[in-house]
Amino acid sequence: MVSNTNRTTVLLISRLTTPPEPKLLTNIGEEAKKRAATFLSQGRICDFLWSRVLLNRLIDQLNLSLDIIERPPQSPRLISKKGNYFCSISHTSTFVGVAVSRIPVGIDLEVLDSNRPIDAISERVFGEVLKNTPEKTR
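The sequence shown begins at 1 in this note's numbering and counts up one residue at a time.
Keep in mind that the hints were calculated from the coordinates and are not lab data.
Among the clues, some could well be false.
Here are the simulated DSS-like pairs of lysine-lysine, each with C-alpha atoms no more than 27 Å apart in a straight line [stated by the list, open to error]:
no., residue 1, residue 2
1, Lys81, Lys33
2, Lys23, Lys33
3, Lys34, Lys23
Just the calculated beta-carbon pair ranges, DEER-fashion [to be verified]:
no., residue 1, residue 2, range
4, Arg71, Ile103, 16 to 22 Å
5, Ser93, Pro134, 19 to 25 Å
6, Val125, Arg77, 22 to 28 Å
7, Gln42, Glu128, 19 to 25 Å
8, Ser114, Glu21, 33 to 39 Å
9, Ser93, Ala120, 17 to 23 Å
Virtual Cβ for every residue (Gly too), placed ideally from N, Cα, C.
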């Protein structure tokens with residue numbers, strides 16, 4: 001699934017439990033591949049590699065020329081001669097997603113769970129912004 005606004009594009013796929021095929025890893029930097037090899041969990045390796053595949057795919061779809069600089073434990077930094085770009089990466093037990101934007105961006109994928117206190121989490125994360133947003137548009 002792809003969502004696109006004027007400045008931000010998000011690409012989301014169902015979480016896969018097998019690593020990407022080697023041909024999908026050709027655009028991923030050696031630094032990212034080495035980092036993936038340090039993870040103990042097969043699930044974590046898959047999430048990491050698929051997020052980098054998605055990031056490269058999204059950059060290609062947007063027809064951007066960007067260098068991807070890994071910054072553990074943060075999302076990679078995107079370098080361009082045409083100005084700043086930002087990215088965010090998130091994964092859950094069911095999805096992996098990436099966002100690329102001209103403005104600072106953050107995504108957080110969450111699995112809906114009726115037992116989670118969503119209002120309390122929203123208040124903690126969004127604070128004043130949430131208080132100043134009409135309930136109908138939250």
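* Hints the structure violates: just list their numbers, smallest first. => Result: hints 5, 7 break, sorted rising.
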